[in-house]
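Colleague: Please put together the full structure from these sequences, using the hints given.
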Amino acid sequence: GARREQLAALRRRWAAGDWPGVLANLEDHLRAGDRNAATTVCDFLRAVDLHFEALTLDSCLALLPLCRQVAASDFDTHVATALKVQATLVEMFGEYVCETRYAPRHGAVDISKEERLRKCDKCYEHFRTLQKELVKVKRNMKNYDPSIRYDIENYVSQLEKFFNSNMLDM
Numbered sequence: 001g002a003r004r005e006q007l008a009a010l011r012r013r014w015a016a017g018d019w020p021g022v023l024a025n026l027e028d029h030l031r032a033g034d035r036n037a038a039t040t041v042c043d044f045l046r047a048v049d050l051h052f053e054a055l056t057l058d059s060c061l062a063l064l065p066l067c068r069q070v071a072a073s074d075f076d077t078h079v080a081t082a083l084k085v086q087a088t089l090v091e092m093f094g095e096y097v098c099e100t101r102y103a104p105r106h107g108a109v110d111i112s113k114e115e116r117l118r119k120c121d122k123c124y125e126h127f128r129t130l131q132k133e134l135v136k137v138k139r140n141m142k143n144y145d146p147s148i149r150y151d152i153e154n155y156v157s158q159l160e161k162f163f164n165s166n167m168l169d170m
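Taking full-length UniProt numbering as reference, the numbering of the sequence shown is continuous, increasing by one, and the terminal residue is 170.
Worth flagging that the hints you see were computed from the coordinates, not collected in a lab.
Mixed in with the good hints there might be a few duds.
Simulated restraints on C-beta separations [what the hints assert, rightly or not]: (1) D110 / E53: 34 to 42 Å; (2) A24 / M92: 16 to 24 Å; (3) D74 / I111: 43 to 51 Å; (4) F75 / E160: 21 to 29 Å; (5) E160 / D18: 29 to 37 Å; (6) A54 / S112: 16 to 24 Å.
Distance condition first, Cα-Cα at most 25 Å in a straight line; then the derived SDA-like pairs of lysine to any residue [to be verified]: (7) K84 / A15; (8) K113 / L55; (9) K119 / D58; (10) K84 / A62; (11) K161 / R139; (12) K119 / K161; (13) K119 / F163; (14) K136 / E91.
Ideal Cβ placement from N, Cα and C applies to all residues, glycine included.
Modeller: Below, the structure is given as structure tokens:
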């Protein structure tokens, strides 16, 4: 139906390298209050394999807030999908973000380095927010459908492992 066509169009644009346009489109749906928006975003996040994408810090920064909105859904599958994507992003960018933030700062002004640091600081703030939101996810664990509870527990565990070893100033 229409949802499948929309997903196919988004995937084509993503494959063509228009990730900023795709993510902006998904964000617009969420912001407009479209009642199917979280499902559309969830479908899209399930359809793309982020491990094989040429993701950048910019795309990570764009995906993290989308995931937070999807994770706030009442649907277990949305929570699981959002956590999976967030765990993937933390796996791909977490150490880089932390290392960049804690690297010594000296020498001449380097505009690109400052911009990278600003982006890493923003990612870090998203990670901190996610870390706090995991408390709610864990509290609701017994309410999740048993068929996906294992996945949710696994993603929470992956995220907590990273946070416990890297998020020094919590």
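Colleague: Evaluate each hint against the coordinates.
Modeller: Going through the hints against the structure:
1. For D110 and E53, the hinted distance range of 34 to 42 Å is not satisfied, since their beta carbons lie about 28 Å from each other.
2. A beta carbon spacing of about 21 Å between A24 and M92 agrees with the range 16 to 24 Å that was offered as a hint.
3. Judged by the Cβ atoms, the range 43 to 51 Å given for D74 and I111 holds: they are separated by roughly 44 Å.
4. Our hint of 21 to 29 Å for F75 and E160 holds, since their Cβ atoms are close to 23 Å apart.
5. Hint check: E160 to D18, Cβ distance near 34 Å, so the stated range 29 to 37 Å holds.
6. With their beta carbons about 19 Å apart, A54 and S112 fall inside the hinted range of 16 to 24 Å.
7. Proposed proximity of K84 and A15 is supported: the alpha carbons are some 20 Å apart, at most 25 Å.
8. A threshold of 25 Å between alpha carbons decides the hint, and for K113 with L55 the separation of about 19 Å falls inside it, so the pair holds.
9. With a CA separation close to 8 Å, the supplied pair K119 and D58 stays within the 25 Å bound.
10. Among the hinted pairs, K84 with A62 is consistent with the structure: their alpha-carbon atoms are about 16 Å apart, no more than 25 Å.
11. Of the pairs offered as hints, the one joining K161 and R139 holds, with about 18 Å between alpha carbons and a cut-off of 25 Å not exceeded.
12. Restraint check for K119 and K161: satisfied, since their Cα atoms lie roughly 23 Å apart, inside the 25 Å limit.
13. At roughly 19 Å between alpha-carbon atoms, K119 and F163 fall within 25 Å of each other, so this suggested pair holds.
14. This hinted pair checks out: K136 and E91 have alpha carbons roughly 21 Å apart, not beyond 25 Å.
Hint 1 alone, counting from the list given before, is not met by this structure.
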